[in-house]
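2 protein chains.
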Amino acid sequence: ARPRVGYFFTGKAVDTLISEKITDIKVDEIKATPVIVKESTSVYDAIVTLFLTDVGTLFVSDDEGNLQGIVSRKDLLKTAIGNTNTHQIPIGVVMTRMPNIVTVTPEESAYEAARKIVDHQVDALPVVKAVIENGQEKYKIVGKVTKTTITKLFVELGKN
Amino acid sequence: ARPRVGYFFTGKAVDTLISEKITDIKVDEIKATPVIVKESTSVYDAIVTLFLTDVGTLFVSDDEGNLQGIVSRKDLLKTAIGNTNTHQIPIGVVMTRMPNIVTVTPEESAYEAARKIVDHQVDALPVVKAVIENGQEKYKIVGKVTKTTITKLFVELGKN
Numbered sequence: 022a023r024p025r026v027g028y029f030f031t032g033k034a035v036d037t038l039i040s041e042k043i044t045d046i047k048v049d050e051i052k053a054t055p056v057i058v059k060e061s062t063s064v065y066d067a068i069v070t071l072f073l074t075d076v077g078t079l080f081v082s083d084d085e086g087n088l089q090g091i092v093s094r095k096d097l098l099k100t101a102i103g104n105t106n107t108h109q110i111p112i113g114v115v116m117t118r119m120p121n122i123v124t125v126t127p128e129e130s131a132y133e134a135a136r137k138i139v140d141h142q143v144d145a146l147p148v149v150k151a152v153i154e155n156g157q158e159k160y161k162i163v164g165k166v167t168k169t170t171i172t173k174l175f176v177e178l179g180k181n
Numbered sequence: 022a023r024p025r026v027g028y029f030f031t032g033k034a035v036d037t038l039i040s041e042k043i044t045d046i047k048v049d050e051i052k053a054t055p056v057i058v059k060e061s062t063s064v065y066d067a068i069v070t071l072f073l074t075d076v077g078t079l080f081v082s083d084d085e086g087n088l089q090g091i092v093s094r095k096d097l098l099k100t101a102i103g104n105t106n107t108h109q110i111p112i113g114v115v116m117t118r119m120p121n122i123v124t125v126t127p128e129e130s131a132y133e134a135a136r137k138i139v140d141h142q143v144d145a146l147p148v149v150k151a152v153i154e155n156g157q158e159k160y161k162i163v164g165k166v167t168k169t170t171i172t173k174l175f176v177e178l179g180k181n
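Chains as they are written, first to last, in our numbering: chain A, 22 to 181; chain B, 22 to 181.
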């Protein structure tokens, strides 16, 4: 059932087909649901949220759902190990803040999202849509792409 | 340069080619270097090691390099948040212990490793070789496969 001869089955052609497939898949098709908290959330409550929702990264937004920050397990671990009272530290103090966050748009490819994760050594990217509010550019959080998202996609591609 | 006609270029055939490629890549080709600590290491020192080596998971072995346990960022976070003295808690107390660890062998495929990561909801798998020592089956740690490994492989596949 798998002919191993002929022009199309050289390594080169197969690699090109795979590359095409991977760059054809859009972030919009694979994005997962982000867990979003407020900047005033305590580090303690953020850690509890992390465990209850079974995620590795929390996103921080204002009341309008605009991206303000991102908090990783390591950010929380760094804070938890040095402080006895994580109830009194707001995550706004420990999060990575805009504009220092690597983001992706729904129109970008799965390949581009994975490349950003690898190049910037992050676990997760917020999927955002740029909007103008009161003359300022804001980024609405509409999803996330994480190493888990990419690993699941890899399994899907291998399944056939 | 990319002929779009002919039998081999139906969606079905492309998916089969991708699946073949992904299952042809062996764990041995993609495995990364694991960071290994001893069971007596304190939770505090384990957290410091995690930051210094820039990894997300630590593996625990005996003096012969046999797998005993695995410690995630969440295991450490759970311990750090509830305890003021992480210097006095050995990671042996908080780690996941054999035989409750999902492992992979160098001969298994990248697809199989990714499937185990997704199905068991873990961040990392130790790559092990089974050996018999004093009549007991032991597992030598020879590498690791993580969500990062799979994400990097995904980027490689998309690059062509």
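Any given hint might turn out to be false.
Note that the list lumps identical chains together, so a pair holds whenever it fits in one copy or between two copies.
Each computed PhoX-like pair below joins lysine-lysine, with the alpha-carbon atoms no more than 25 Å apart [said to hold, decoys possible]:
hint : residue 1 : residue 2
1    : LYS59     : LYS150
2    : LYS159    : LYS47
3    : LYS59     : LYS95
4    : LYS159    : LYS42
5    : LYS159    : LYS180
6    : LYS180    : LYS95
7    : LYS42     : LYS161
8    : LYS99     : LYS180
9    : LYS47     : LYS161
10   : LYS99     : LYS150
11   : LYS161    : LYS99
12   : LYS47     : LYS180
13   : LYS99     : LYS159
14   : LYS150    : LYS161
15   : LYS42     : LYS59
16   : LYS99     : LYS59
17   : LYS180    : LYS42
18   : LYS95     : LYS173
19   : LYS159    : LYS59
20   : LYS42     : LYS99
21   : LYS42     : LYS137
22   : LYS180    : LYS161
In case anyone wonders, no lab produced these hints; they're calculated from the structure. All figures in this text were calculated on a predicted structure; none of them were measured in a lab.
Determine which of the earlier numbered hints do not hold for this structure and return their numbers in increasing order.
-> 4, 5, 6, 7, 8, 10, 11, 13, 15, 20, 22
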